[in-house]
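Residue numbers (the numbering used here), protein chains in the order written: chain L, 1 to 344; chain P, 1001 to 1344.
Since the hints were made in silico from the structure, they are not lab data.
C-beta: ideal position from N, C-alpha, C; glycine also.
Mixed in with the good hints, there may be bad ones.
Derived lysine-lysine pairs resembling DSS-like cross-links, with alpha carbons at most 30 Å apart [as the list claims (entries may be wrong)]:
#, chain 1, residue 1, chain 2, residue 2
1, L, Lys152, P, Lys1162
2, L, Lys303, L, Lys224
3, P, Lys1303, P, Lys1152
4, P, Lys1224, P, Lys1303
5, L, Lys125, P, Lys1151
6, P, Lys1249, P, Lys1305
7, L, Lys125, P, Lys1152
8, L, Lys4, P, Lys1224
9, P, Lys1249, P, Lys1224
10, L, Lys261, L, Lys224
11, P, Lys1162, P, Lys1336
12, L, Lys152, P, Lys1125
13, P, Lys1305, P, Lys1151
14, L, Lys152, L, Lys125
15, P, Lys1224, P, Lys1162
16, L, Lys187, P, Lys1004
17, L, Lys151, L, Lys303
18, P, Lys1125, P, Lys1071
19, L, Lys151, P, Lys1152
20, P, Lys1004, L, Lys71
21, P, Lys1071, L, Lys4
22, P, Lys1151, L, Lys151
23, L, Lys224, L, Lys151
24, P, Lys1151, L, Lys152
25, L, Lys151, P, Lys1125
Rough simulated footprint, nothing fancy, chain P against chain L, three-plus residues with beta-carbon under 8 Å [unchecked claim]:
#, region
26, 26-40
27, 99-108
28, 112-126
2 protein chains.
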Amino acid sequence: MEAKRTEIHELGEFGLISQLESSISLMNPSSIRGIGDDAAVIDIGNGFVQVVSTDMLVEGIHFDLTYIPLKYVGYKAVAVNVSDICAMNALAEQITVSVALSNRFSVEAVEELYDGIKMACSNYKVDIVGGDTTSSLSGLVISITVLGRAKKEDVVYRSGAKANDLIVVTGDLGAAYMGLQILEREKQIFQENPQIQPDLDAKDYILQRQMRPEARVDVIGFLKELNVQPTSMIDISDGLASELLHICKNSSVGCNIYDDKIPIDSQTSLTALEFEIDPSTCALNGGEDYELLFTISQNDFDKIKGNPHMTLIGHITNSDEGKYYIDKQGSAVELKAQGWVHFG
Amino acid sequence: MEAKRTEIHELGEFGLISQLESSISLMNPSSIRGIGDDAAVIDIGNGFVQVVSTDMLVEGIHFDLTYIPLKYVGYKAVAVNVSDICAMNALAEQITVSVALSNRFSVEAVEELYDGIKMACSNYKVDIVGGDTTSSLSGLVISITVLGRAKKEDVVYRSGAKANDLIVVTGDLGAAYMGLQILEREKQIFQENPQIQPDLDAKDYILQRQMRPEARVDVIGFLKELNVQPTSMIDISDGLASELLHICKNSSVGCNIYDDKIPIDSQTSLTALEFEIDPSTCALNGGEDYELLFTISQNDFDKIKGNPHMTLIGHITNSDEGKYYIDKQGSAVELKAQGWVHFG
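Given the sequences, and given the hints that come with them, work out the whole structure.
Structure, rendered in C-alpha cells:
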C-alpha cells in the first residue's frame, strides 16, 4: 500500500499552518497566547508580559540577491520582526539572529548582511542577544526571533475589534509591491540586455519601501502619547485585505472599508498605472508595507483626527453584515485575500 | 579594484562567529547576557530572568533524511534547544518553531516532522507558542528558539569556574558519534548493494543516542534536590574537549581531566574498537551527546558522590597551569578541540 501524499500547495501556506496549529495546545500557565496573533504573549509576572515573534527569510523566496544588497536584506529581516512586536502595541528589546549560508558567501558578504542587521538594531534600539551561524548546501536563510516587553493590559490582540469601531491604517499602502514590480522589470531587462541602464527615475520612494521597509515603532509612541489603546491591531505584511480579514475572523466581526479613503502615495499610483494595475489592488493585496492596521473606539476618533500618520479607512460591523470593500462607484465588493502565496 | 573575498572556511565557524560578535554591544538594561553562553539572559524584574537560546538545523549539514526519519529530526531539534536552557540551570517553557521546506515534502511529511516536535514538547513540558512556515528552493531548514525562566541567582554561566572546583559530566559520552558512524556505514553499504540488510545488531543504544538525544532536564531537577549550584555549566554539543575549553576560556582557568574517569558506555567502546577508533577520542571530540558538563565547589562533592547520573572527571586549575588531558599512561596531553567543523 502506498502512503498518502498530499502536496503542500493543495492546502496552501495558511491551510498548512492552520492544520499544524489545530493540534497544538498550551500547558504552561505562563503561556498566555500562542500561535495565531502577530506575536506570542508570555506572562512574566508583576503585571508584565514578554511578547515574542519569529520570522524566517529564505533566499529565492523572500528576497532575490540579484537586485537586493545583503545589507538591505539584513535590515529588512530585523524590521519585519520588530514590526510584529509593534502590532501587539509593544516595543522590541532583544533579538536572536540565526543564519545558514553556503560557501558561495564570503566573510565580507556575511559582514555586509550583519551591517544591515546591526543598523536596524541600532535604529530600533534592539540588542542582538543570541544566534546561530551555520552552513547550508544552497543559499541564505535568516531566522530572527524578537522579544519585547509590555504591561499586560497594554497588549493589543487581533481579537478585540467591536462593531462600530473605526478602522485605521498608518502611512500609505501598495508602495512596496510596486517597488518589487520595478525591481523585477529592471532585472528582466538587464538579463536580456546588460548594456541598458536601469530606469529608476522617480521611483526612489517605492524602491525604498520595498528594499528597506521600516517598522512603525514611532506609531506605538504616538498612540501612547495620544492615550489611544487600539481595540485590535495587526501589521500589514500580506496586504490590507488579508490582514483585515484576520482581524474580522479573530474578532468575529464584519467590516466596511472605502476605496477612496485608502492612503496611496502618488508614486505608487503613477507606477501602478504605468503597469496597468489598479492602484487600489496594490494597496489591498500588495503586502510588505509593514504599516499598522488597527481599530479604535469611536470615542477615540478626535484624538487621531488630522494626524498625518494615521488614516481612517472604514468601520467594523456586526459579523452577519459581511466584510466589504466599497469601490469608487460606491458598490460593495466582498473583501477577499489574495495575499502572497509562497507555496505555488 | 576587486573587492576582497575571504572564504568562510579560512576563519572557521567559531572564527566567523567571534568576528561577528566582536562588534555587538548591548544597549537595553534588561539585556543581562548576550551572545557567548548557551543562552542569553534577560532581566524580567522581581528577581527573575528569561533565558533564551536558538538553534538552526539544516538538511544535509545537521541531518541526513536518507537514514533519519523526520519524526526524529523534529524531536532532536527541540531536544538540542531545551538542552541549551538546561545548561543555564533553567527549565524551558516555550518554543517557537520556524520551518522552511521545498515542495519535495508532502503535507504528511510535515506532519511527521511536527509529530516529533510535539512529542518532545510534551516530554519536556514546553509550549509551542509561535513559528513561521515557508517554502525553500531546496531542502529543509528548522529554526527553533526556546525560552525558559529562572531566578536570577540560580542561573549558571560558563564563566564561574574557580581553581580547585571539580569537573563533572552527566551520563556517558561518545555514543552519539559512534551511532552516526554506524548510520553512515550502513548508508554506504546500502547504496552499494541495496539487497544487504543493515547490520544494527547490538547498536540500539548508540543509534538512539544519535537519532533521539534527550535534554538532561532530569539533571536540573536532581541538582535542585541535592541543593547543588554548579559554579559553571555548558551542554556537550561539540564534544567534551571543545566544551571544557569554553568553560576554561570564559572562566579564565585551566583544567586537568583524566582519561580513565571519562564515562563511556560499553556499546560505544566496542563499536569504536570495531572502527579502530580510540573510545576516548569519541568521548573527547565526538559531540552531539547533549550531556551536561559542569563544575562544582569541592564542598559539594559529598552531595553528588555515588550519584549514578554524574561522574567526576577532573578538576579546575589556575589559568597558568594549562589545560590537560591525562591519558591512560598518566601523560598530560594538551587539551585541544576538534569538534564539529560545519564550514569545510
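Next pair to validate is Lys224(L) with Lys151(L); report whether the Cα-Cα distance is within 30 Å. holds (12 Å)
Proposed proximity, Lys1152(P) with Lys151(L) (alpha carbon, max 30 Å): holds (21 Å)
Do at least three Cβ atoms from the region 99-108 of chain L come closer than 8 Å to Cβ atoms of chain P? Holds: 8 residues of the region 99-108 of chain L have a Cβ under 8 Å from chain P.
Does the alpha-carbon distance linking Lys151(L) and Lys303(L) stay inside the 30 Å limit? holds (22 Å)
Within a Cα-Cα threshold of 30 Å, do Lys1004(P) and Lys71(L) meet the stated pairing? holds (17 Å)
Given pair status - Lys1151(P), Lys1305(P), alpha carbons within 30 Å: Holds, at roughly 26 Å.
Could you grab the alpha-carbon distance between Lys1151(P) and Lys151(L) and see if it respects the 30 Å cut-off? Distance ~21 Å between Lys1151(P) and Lys151(L) Cα, so the pair holds.
Lys125(L) and Lys1152(P): Cα distance at most 30 Å? holds (24 Å)
Between Lys1071(P) and Lys4(L), does the CA-CA distance stay at or below 30 Å? With a Cα-Cα distance of about 17 Å, the restraint between Lys1071(P) and Lys4(L) holds, given a limit of 30 Å.
Quickly compare the C-alpha distance for Lys152(L) and Lys1162(P) to 30 Å and report which way the hint goes. violated (41 Å)
Regarding the pair Lys1249(P) and Lys1224(P), is the alpha-carbon distance no greater than 30 Å? Roughly 26 Å between the alpha carbons, so the hint for Lys1249(P) and Lys1224(P) holds.
CA of Lys187(L) to CA of Lys1004(P), is that 30 Å or under? Given that 30 Å is the threshold and the Cα spacing comes to 26 Å, the pair holds.
Checked against the numbered hints above, the structure breaks hints 1, 8 and satisfies the rest.
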